[in-house]
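**Student:** Hints given; two lone chains; assemble the complex.
So the sequences go chain by chain: H and A. Letter 51 of the first sequence, counting from 1, is numbered 51 in full-length UniProt numbering, and no numbers are missing. Letter 126 of the second sequence, counting from 1, is numbered 126 in full-length UniProt numbering, and no numbers are missing.
Mixed in with the good hints there might be a few duds.
To be verified - In silico DSSO-like pairs for lysine-lysine, Cα to Cα no more than 27 Å straight-line:
| id | chain 1 | residue 1 | chain 2 | residue 2 |
| --- | --- | --- | --- | --- |
| 1 | A | K18 | H | K130 |
| 2 | H | K24 | A | K404 |
| 3 | H | K5 | A | K18 |
| 4 | H | K5 | A | K404 |
| 5 | A | K404 | H | K130 |
Keep in mind that the hints were calculated from the coordinates and are not lab data.
Chain by chain, the residues run as shown.
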Amino acid sequence: MGLEKLNSLYREVILDHSDHPHHKHALPDATHKITLKNPTCGDVINLDIELDNQDHISDIGFTGDGCTISQSSASMMTDAVMGKSKDEALHMAKTFSDMVMGKKHPQKDLDELQDAAILSNIMTFPARIKCATLAWWALQRALLKQPDGDIDSEKEE
Amino acid sequence: MDSTLTKLMRDFPILDQKVNDEHLVYLDNAATAQRPNQVIEALTHFYQTDNANVHRGVHTLAERATADYEAARRKMQKFINAAEPEEVIFTKGCTDGLNLVASTYGEANVSAGDEIVISIMEHHSNLIPWQQLAIRKGATLKYIHLTDDGELDLDEATQLITDKTKIVAVAHASNVMGTVNPIKQLAKLAHQHGAIFVGDGAQAVPHMPVDVQDLDVDFYAFSGHKMMGPTGIGILYGKRELLEAMPPYQFGGEMIGFVHQQESTWAELPYKFEAGTQNIAGAVGLGAAADYLTQIGMTAVQAHEQAIVNYLLPKLEAMDGLTVYGPQDPAKHTGVIAFNLEELHPHDVATALDMEGVAVRAGHHCAQPLMEYLGLTATARASFYLYNTQADADRLLTALQETKEFFNHGSREAK
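So that you can see chain A by itself, here it is in the shape it has in the complex (with noise of 0.2 Å):
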C-alpha cells in the first residue's frame, strides 16, 4: 500500500501544509474528510462546462447538466449496491435523510402506544427525529445499551424490538465508541417484528464495502463529505415499495406530476422526495467522490485503517493514564478513537495537539446521552482515513506523550 499511498497523498493539496509551523495530521476525518483534486475539478469542470438547471430545460446545457446528476446517482446506486437508481435520493445530508423518514414514513405509521427502538450510542441526527416523533405520536423510544466492551447489547436488543416495534434504527457504525454494529441481525430482528430498519451511514460508507441488498436495510441514510464528496449532498438510500407509499418530504418544483388550483399529483421516484433545485454540482461532486473510492477499493481502504488501528490501539490503551473508550480489541474497533488524558479536559488535550500540528476533535460528538451513559462531559476523538499513514499514528503519540509532560510538569519547569 505504501507507494500507492504516497501517489494518494498528491491528491490531496490541503494536507501538504503547516500548521502552527508543525506538519498537519488530520485526524478529524469522522467529522469532514478532506476532498482529493478528483473531486474539486469534478466541481470545476460542471460549473465551468456543463451547469444549468436539470429535467426541465430542452436546451443542450440542460440536456448535459442532467445526464451528469442522473449519473452521479447511478455512481451512488452502484457504491451501495442498491437495486435500482430510483431507489437512490439526493439529500442535504444525512441528517436530512434520517429527518424525511421520521416525517413522511413515520409520520404515517407511528401511533400512540407504538415503540420505536434506537440505541444509546446514536448521533443526536438518529436520535432527536425519532425522540420527537415519539412525542408527537405518544409513542415511546426505547434504547439498546452496551456490553462492559461498548458494544450492542444485542440481548437487550431481542428483549426490546417486540411486535409493538415500528421502526429500529441503529448507526452502521458509531462515531464515537469506534464500534461497527450487526445491523444485518438487526434488521432481520425487526423484520420478524413487522418493523423496519433505518440505518444511520454516516460513519460507515466511507470506511468499509456497504451493500444495501446483503444487509436487507429498509431506509440506509449517509453523508457525502465525510467520503470525500462536498458539504450539503448525502444519500437517502429507501425500498422502492416504502417509498413508493410514503407522502412527500417537501413540496414544490420538480416534485410533482401536475398541478391545480385545489390538488396536485407527486412525481415518480425518485424525484416525489427532491423539491426544489437540488444541490446539483453536489451530486457530481459526491459522484467523483464515489468513483476515487471505488478506484481504490473499499477493501483496500478498510483494510488500510485497520492496519493504522491495530498499530496505534494497543500503544494508546498501554499510555499511563490515557483511556480508550469503546472496545479495545482492534479488531472490533474503527478508525474513530475517543479517548481522555489522564484528568485533562479533552478540550485543553485538543489544543495542545492543535499546537503540535495534529488536528482531533474535542466535545460530545453530538452523542449527548452516550456521553451521559458513560458519566463523561466530553471526550477527544482522533479519526483516520485512507489519507493517513502510521507515521500520523506516531505523531499522535508524541503528541499526546508531551502535552502529558507540559500539563503536569512543563510549564512550571519552563520557567
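Okay, chain H solo, but in the shape it has when bound (with noise of 0.2 Å):
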C-alpha cells in the first residue's frame, strides 16, 4: 500500500505533537507577537513569546489551525526554544529552515533543534516544506519584530 510511505513524513512524533501540541495557548503578557499566514492552504500561526530581561525566551505559546505538519512543527518549535536566549532561537530558525532546504548543519545545531530535527524528512514533499517552516519563520519574524503577513504570496486555481 502507497501509504506505508507516508510514514517517512508522519512519523509518530510528529503526529503525537499535532494530536497534543505543547504550548498551544495565548501569552496575556507577550513581549513579542506575530501573525504569519501561509495562504496557500490557509494555516495561521499567532505566536506569543515573553523574553526576559537578558533575552532569554521565559515563555512561548501558539494558537491557529493548519495541517499536521505545521501545528507539529509549531509544537516542536515551542519546545525546542524555551529557555534559549533570542540570538540562540534565532540560529535555530536559522537552521531550521536551511536544513529543511537541504543545506548542511553540523550535527550539533541539528541536535539543539531537538524533535523538530525529524522535519528534514519534509525535503522530499516539497509541497509540504513550507507547513513545516510557518512555525520557525513565526519565530524569526516575532524575535525581529517584524509585522504580520504572509509567508509567500497566493498561488492557486
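**Tutor:** Right under this line is the structure:
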C-alpha cells in the first residue's frame, strides 16, 4: 500500500505533537507577538513570546489552525527554543530553514532542534516545506519585531 | 463509451505514468486539463511549418500563420455558437478576459451609487476585478448567497438585481461547489433592469455544450488550458454592439487604425482588443482542442462526467466522516467535488492521496469569500474530465479509505 510511504513523513512523534501540541495557548504578557499566514492552504499561526530582561525566552505559546505538519512543527519549535536566548533562537530558526532546504549544518546545530530535526524528511515532500517552516519563520519575524504577514504570495487556481 | 474511451486514453501520454510507484489518477482537471497528442502536434506543426507574425507580413509564412490564427478564431466562434468571429477575442485566459470587461466596459459605464451584483461562489478572477472597479467608482458590490444545498439563491438574486444594477457577473459553473448556475435566467433578469450580464465560463465550456446566443449573455470569458488547449490563451466573447462602443483595453501594435503624433484611431473588431503580438501558437492549439472536443461531442463529454458523478457522489456521501460541499444530488453536481475528510487538514489528505498516485487539489481554490461563508479554511477537491473513468473514482475511494485508516491508526500500528 502506497500509504506506507507516508510513515516517512508522518512519524509517530509528528502525529503525537499534532494530536497533543505543546504550548498551544496565548500569552497575555507577551513581549513579542506575530500572526503569520500561509495563504496557499489557509494555515495561520499566532505566536506569543515572552523575553526576560536577559533577552532569554521565558515563555512561548501559539494558537491558530493548520495541517498536521504545521501544527506539530509549531509544537516542536516551542519545545526547542524555550529558555534559549534571542540570538540562539534566531540561529536555530536559520538552522531549521537551511535543513529543510537541504543545506548542511553541523550535527551540534541539528541536535539543538530536538524533535524538530525529524522534519528534515520534509525535503522529499517539496509541497509541504512551507507547512513545516511557518512556525520557525514566525519565531524569527517575531523576535526581529517584524510585522504580521504572509509567508508567500497566493498561487492557486 | 468504453471502447471510445480506451482509444481516447491513448491520446494522453501524460496519463500513462506512475507517480509514487502507483499508476497516475489525475483528478485536478478544474485547475488545468491534460492535452491530447492532437493539441501538442498542432503546436509543433505550427512552429515547424507556419510560424510568422500575423496580419502584417506579405510573405507566404505570414499569410499561413494569419490563416491558422483566424481559422482558430472561427473554430472557437463555432464552439460557443457566437454570431460572428469578430465577437471572439483572444486573451491570455479567463482572468484576462474578465479584467478586460471590468477595465473597459466597467470603467466607462459604472458610476458612484451604481451596483454590481456577483455571487458568493465566485473565483477570485470574477470577484476582484468587480470589487476594485466598485472601489474606484464608489459603486456598491453585492453578493448573491446560496441555498442550503449549495445552489444560487434565486429569490435573493431577484431582490438584489434592481434598476441600480449595472453589471451582473456570475460563474456558469462553480470551481468549488460543482454547481451549474442558471445564467440564462440571470442574464434575463439583468436585462430586465437595463444591466449587462458577464458569464465566467472557465468551468463550463470544457465540460458542457455552451451556446452564448441561447444564453443571451453580454460577455463570456473562459480559458484554453482547462479545455485541453495550451496555457496563456483564452477567449472573451462579447456582443458586437457592446464591444464596438468600448474603449480599447491596451494600446500598441496590431490594435490601431492610424497613429498620428497627438492622436490615434483604433482597429476594427476584434483587433481593437488584441494589442501586441498575440499567443498565435496558443490560439492554434486551442483551435485543435476545440476540434478534439467537437469530434467527441460536448453532449457526450457531459454525459460521461455525469455518469462518474452519479456513481461516485453517493459513495462519497456514504463514507463515514466525509463531507461533500455543494449539491448532494448528483444530477445537480458537475465533476468538481470539494470535500473534507473527518478533522484532517486537506493538505494532509492531498499528500496522502498523492502517495497513492491520486492527484487532487487542496486549498481555498481561489474562492476565499466562499470559504469564509461556508466557515472553512480549505477543502480537498477532486475534479474529473472525459479521460477519467469509474476505475479512477474507485481509486479515489480506496485511497480515501486508506488515508482515513492511516491517520486514525496506521503509523501507530505500523511500529
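**Student:** Work down the list of hints and note, for each, if the structure agrees.
**Tutor:** Here's how the hints hold up against the structure:
1. A:K18 with H:K130: OK: A:K18 and H:K130 at ~26 Å, within 27 Å.
2. H:K24 with A:K404: 25 Å, holds
3. H:K5 with A:K18: 15 Å, holds
4. H:K5 with A:K404: The given pair, whose Cα atoms are some 15 Å apart, holds under the 27 Å limit.
5. A:K404 with H:K130: With a Cα-Cα distance of about 24 Å, the restraint between A:K404 and H:K130 holds, given a limit of 27 Å.
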